[in-house]
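For the record, the sequence lines run as chains A and B. If you're matching positions, the first sequence starts at 1 in my numbering and goes up one per residue. If you're matching positions, the second sequence starts at 1 in my numbering and goes up one per residue.
By construction, these hints were calculated from the structure, which means they are not laboratory data. One or more of the hints may lead you astray.
With a Cα cut of at most 27 angstroms, we get these calculated BS3-like pairs of lysine-lysine [claimed, not checked]:
1) Lys386(A) / Lys369(B)
2) Lys369(B) / Lys333(A)
3) Lys386(A) / Lys260(B)
4) Lys115(A) / Lys43(A)
5) Lys369(B) / Lys359(A)
6) Lys386(A) / Lys368(A)
7) Lys79(A) / Lys116(A)
8) Lys264(B) / Lys186(A)
9) Lys188(A) / Lys152(A)
Predicted model, so just to flag it, every value in this text is computed and none were measured.
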Amino acid sequence: MTDLDAFRQATRAWLEANCPPEMREPMRDESDAVWGGRNPVFKNDAQKKWMDAMASRGWTVPDWPGDYGGGGLSPAETKVVRQEMAAIGARNPLMSFGISMLGPALLKYGTEEQKKLFLPEIARGEIRWCQGYSEPGAGSDLASLQTRCEDKGDHWLVNGQKVWTSYADQADWIFCLVRTDPQAPKHKGISFLLFDMASPGVSTRPILLISGNSPFCETFFDDVQVPKAQLVGELNKGWDVAKYLLGHEREMISGMGLGGNGESLGAALAERLGRDDSGRLADPLLRADLARFDVDSMAFRAMSERFIDELKAGQGHPALPSMMKYAGTELNKDRHELVMAAGGSNALEWESDSSKGGKAAREWLRTKANSIEGGTSEIQLGIVAKHILQLPGA
Amino acid sequence: MPLYLTDDQMMLRDSARDFMAGEGSIKQQLRHYRDSNCSDGFGHALWKQFGEMGFTGILVDEADGGLGLGHVEVGIVLEEIGRNLTPSPFLMTAVAVVEALRGTALREKWLPGILSGETVATLAVDEGPKHRPETIAMKADRSGNGFRLSGRKQFVVQGASADFFVVAAHSGEGLTLFAVEKDLKGLSVEGVRLADASIGARIEFDNVEVDSDAVLGEVGEGAAILSRMLGAGRVGAASEMVGLGSAAMGMTVEYLRQRKQFGKLIGEFQVLQHRSAHLYSELEIARAATLKAQQLLDEGSEEAEAMISVAKAKTGSVSTLAVQEGVQMHGGIGMTDEYDIGLYMKRDRVLNELFGDPNYHADKLARMKGY
Ligand SMILES: Cc1cc2nc3c(=O)[nH]c(=O)nc-3n(C[C@H](O)[C@H](O)[C@H](O)COP(=O)(O)OP(=O)(O)OC[C@H]3O[C@@H](n4cnc5c(N)ncnc54)[C@H](O)[C@@H]3O)c2cc1C
């Protein structure tokens with residue numbers, strides 16, 4: 001038996017013993033996610049038990065170094081953990097912008113003190129982070145951001161406004177892009193700052209989305225004082241950190257294209273819609289759309305596998321996360337259009353118990369943000385055109 | 001197995017790339033044989049060189065004198081063929097027919113000629129204008145110690161040049177495959193030139209007598225061989241379309257970097273940039289799906305058949321997008337025979353029909369998934 005086989009067996013046994021049965025049920029909706037934080041919300045004991053068990057092994061972040069709260073696993077071992085979790089349908093123990101976005105950026109750009117201070121808290125789910133990038137005047141053109149940050153000798157002073165800050169009202173800390181040199185060209189006067197959302201002068205106002213949920217906020221900074229040691233990377237070079245982090249964010253969002261756990265959407269919907277005498281889904285045009293969708297979906301799944309394999313082997317173009325984000329999010333929107341078309345008027349119900357509180361419709365509306373958040377589809381296509389296809393003036 | 005090529009496979013790719021771009025180029029092969037009105041539609045000399053390069057033996061077991069490699073390697077060669085529109089019997093003879101011969105007694109008779117690039121062989125499966133192997137009507141009636149074949153086949157690629165045909169027909173026992181030699185009495189082969197300058201053929205079988213040793217595998221058990229042979233052909237055609245689509249996109253992007261209008265390079269126009277980037281994204285996805293299908297096939301996985309249909313359907317629609325965008329973004333020059341992009345459009349259309357178009361494979365996938 002190879003070391004990896006032995007590792008797989010041990011992993012399987014450990015998961016069997018430690019993953020509570022409730023945590024092997026598919027998540028019903030977004031509210032089943034565990035986000036951790038200073039005031040964590042657990043729907044039941046199993047959620048807490050599962051998060052703590054995984055965190056105690058460093059397996060909320062299996063491939064981070066052990067010194068920073070990770071599992072210290074190799075890429076191959078990490079893949080085994082994910083495969084074995086998938087095999088029993090284990091839920092993600094901890095959803096976290098700290099894990100998917102800030103962590104990788106700190107591992108690359110943080111000082112040793114910053115890594116030791118922030119990463120283990122992220123791994124254990126003790127601090128919940130939010131992302132302060134977008135502003136009212138700076139969306140796609142993110143580098144035009146205006147939030148001011150002045151050097152006051154023993155601290156930074158921050159003034160300005162962010163918008164679309166996901167979960168700002170529930171987050172403990174923010175990673176935030178600020179302008180530290182208003183005179184420099186727009187990309188060259190930005191810095192990357194971390195601070196506590198409980199600092200005096202920080203306030204948030206939730207924004208209601210078309211899905212009826214309110215997962216994001218306007219965020220205001222009014223003379224917020226931030227300790228000097230909380231700037232990541234070099235002063236005025238925050239754009240490098242910001243872009244690196246965006247690559248990871250896009251990678252994460254591209255995972256939207258993997259909806260349905262590899263099950264055929266057509267097969268799942270045929271159960272509800274019924275089949276004709278020949279065993280085919282009864283509505284021929286919908287069936288054709290679903291068949292084409294299943295082709296696209298299985299092809300994207302292969303692309304996703306290839307993307308990860310190449311990434312681990314250090315191959316692949318650095319701008320590929322943009323292509324993946326574009327393709328994955330557009331595919332997920334297609335999926336939910338089909339779910340709505342298949343559901344007909346049942347899928348329109350917004351509150352009824354039988355519709356689980358409008359699950360289909362609310363999810364459908366939520367997916368429309370996939371091709372906006374983390375940089376719009378148009379912006380991703382522009383990046384591919386410029387950096388991969390090397391088209392002029394893009 | 002990671003979803004990218006190994007070092008050995010990269011080496012094969014490099015040598016296939018040099019060979020097809022050199023000897024196999026559009027100018028030396030496709031245009032030459034088209035413009036000289038060649039009734040084969042390809043060059044026998046090049047086919048022999050395929051033999052010398054070892055390409056003809058990729059799928060042949062080492063014990064039979066081949067390289068004993070798999071569908072990933074076949075795909076590597078076909079991608080380069082697709083890039084250069086190189087006309088050759090490779091896909092039909094060295095891929096589909098070799099797959100059909102695998103493990104049968106007819107290996108010894110036919111493999112040596114195929115390996116050396118002397119023998120040309122092809123499939124006679126389609127009977128109407130669309131690929132519908134589920135509804136084969138051709139009959140094989142018992143007669144003496146052999147069979148009598150009657151019916152008609154069409155879209156027999158390289159049919160006018162083939163030394164033998166793998167023919168699917170119904171005998172009393174079920175679907176049976178026969179290796180039918182070209183000169184038999186009652187067989188009439190009519191070569192027809194297709195849009196891409198390749199030669200397809202219509203074949204009439206008028207009580208053609210074949211010996212029972214012309215049966216591939218067992219009588220009545222042809223369905224499994226047919227499906228293996230078509231699977232190899234389909235995923236091979238997918239690779240050819242990945243190459244074709246990539247080359248069409250490459251030419252087009254290059255043109256966008258050079259052509260000026262309104263005082264700007266046309267590649268500066270965002271609408272063209274976004275359409276090109278979308279095409280790139282689709283092509284990469286199609287490439288991944290094709291490689292995945294080939295790896296699954298080489299592993300003998302049960303999931304291979306579904307993934308082959310995904311690959312054929314996806315690459316078909318993507319390579320069509322590539323040639324349509326290619327011609328459009330070239331403007332008037334894209335419509336001229338002198339310029340190559342139109343040749344890609346014609347070949348794409350043929351490869352889409354070959355072994356089932358995207359609708360056929362989407363439908364097949366749906367049936368496999370139970371709807
Ligand atoms: C659900 C959700 C969650 C989010 N969470 C966060 C978060 O946590 N933190 C955060 O900082 N931000 C967050 N965002 C903000 C998100 O990153 C921005 O909405 C996004 O970058 C687009 O900016 P914008 O909304 O200002 O649109 P705009 O930039 O004004 O774009 C409007 C339209 O113009 C197009 N456009 C703009 N520029 C170009 C161009 N050069 N070429 C072609 N078309 C162009 C866009 O593609 C879009 O279609 C979130 C957004 C959503 C929807």
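Comparing the hints with the structure gives:
1. Lys386(A) / Lys369(B): violated (40 angstroms)
2. Lys369(B) / Lys333(A): Given that 27 angstroms is the threshold and the Cα spacing comes to 22 angstroms, the pair holds.
3. Lys386(A) / Lys260(B): Holds, at about 18 angstroms.
4. Lys115(A) / Lys43(A): Not OK: Lys115(A) and Lys43(A) at ~31 angstroms, beyond 27 angstroms, violated.
5. Lys369(B) / Lys359(A): holds (26 angstroms)
6. Lys386(A) / Lys368(A): holds (25 angstroms)
7. Lys79(A) / Lys116(A): holds (25 angstroms)
8. Lys264(B) / Lys186(A): Given that 27 angstroms is the threshold and the Cα spacing comes to 26 angstroms, the pair holds.
9. Lys188(A) / Lys152(A): holds (20 angstroms)
Checked against the numbered hints above, the structure breaks hints 1 and 4 and satisfies the rest.
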